[in-house]
Amino acid sequence: MKLMIVIVQEQDYAELATLLIRNRIHATRFETSGLYSNKKNETLFICVEDEQQEQILDYIRESCTERKESCQVWEYNGNMMVQVEKTLKIGGATIFISEVKDIMKF
Amino acid sequence: MKLMIVIVQEQDYAELATLLIRNRIHATRFETSGLYSNKKNETLFICVEDEQQEQILDYIRESCTERKESCQVWEYNGNMMVQVEKTLKIGGATIFISEVKDIMKF
Amino acid sequence: MKLMIVIVQEQDYAELATLLIRNRIHATRFETSGLYSNKKNETLFICVEDEQQEQILDYIRESCTERKESCQVWEYNGNMMVQVEKTLKIGGATIFISEVKDIMKF
Chain E
-14 MKLMIVIVQE QDYAELATLL IRNRIHATRF ETSGLYSNKK NETLFICVED
36 EQQEQILDYI RESCTERKES CQVWEYNGNM MVQVEKTLKI GGATIFISEV
86 KDIMKF
Chain B
-14 MKLMIVIVQE QDYAELATLL IRNRIHATRF ETSGLYSNKK NETLFICVED
36 EQQEQILDYI RESCTERKES CQVWEYNGNM MVQVEKTLKI GGATIFISEV
86 KDIMKF
Chain R
-14 MKLMIVIVQE QDYAELATLL IRNRIHATRF ETSGLYSNKK NETLFICVED
36 EQQEQILDYI RESCTERKES CQVWEYNGNM MVQVEKTLKI GGATIFISEV
86 KDIMKF
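These protein sequences, in sequence, are chains E, B and R.
Numbered according to the working numbering, the first sequence spans residues -14 to 91.
Numbered according to the working numbering, the second sequence spans residues -14 to 91.
Numbered according to the working numbering, the third sequence spans residues -14 to 91.
Rather than coming from a laboratory, the hints here were simulated on the basis of the structure.
The list treats identical chains as one, so a pair stands whether inside a single copy or across any two.
For lysine-lysine, the following DSS-like pairs were computed, each having C-alpha atoms within a straight-line distance of at most 25 Å:
hint	residue 1	residue 2
1	K90	K74
2	K(-13)	K86
3	K90	K53
4	K90	K(-13)
5	K71	K53
6	K90	K25
7	K24	K90
8	K25	K53
9	K(-13)	K74
10	K25	K71
11	K71	K90
12	K74	K53
13	K53	K24
14	K71	K24
15	K24	K74
16	K24	K(-13)
17	K74	K25
Using the sequences plus the hints, can you model the full thing?
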């Protein structure tokens, strides 16, 4: 089994959650935000059986789309950090997959 | 050393925290929630020496109990996601143990 | 590529964030707190290329300092958990570095 850490945009979260719930995939979620874009996003810890992995990646591909968006970002103006309005390409999802030594449920 | 990620129910957290603090186990905690059950829980990152691992698992076993509980869950009614009242078996704790390449403290 | 989990004190976060943003390091952040000290801190997930690792560790060393501070801590008085005022050495940063099997961006 593996631990999948999935970071998705707020707007895509509802659709991904629906797909996971309908397919009985268990996950733990929490609110996070991007360091640069300051945008809120959602992070999921998903405990993944090897044979489920491709299916779950498909759910993510299906629900998480890259989009352009106007964001307040932090930039260094040579003197101090300032907030600037910028149009950023906001990525669909970032996924880390780790082998874990043990997964236990009590 | 290993990284242990422990997800426990809100009701069990206080007892587990007491056991960890009394035994000088350091941890970082944050609030999370279940994707399906919508219930709040607590997630802990614990930095574990190999010889402490069994002890810490005992603390978790001792404090985290499986219970039946009435929850608002999301379900797909064939048309849309709806919230439904259900009695669920809420698990005691979920634990991921990973070997990490490096643990550093500055 | 690796996943670096970095836990830093609230006071050091702004300086570290500045260094990371100026150097175009992407990260996801969320609020956490110490189990024992009850102090808020910030946790970052950073996706690290091998050749960036030393540079990022330097940024953390530069911005995160160990300091003594008066904290409300939980202690067991033989009978119950109580909050006690204590001067603690609050550590600079805790860093977990894991090899991940896959990192994907959609």
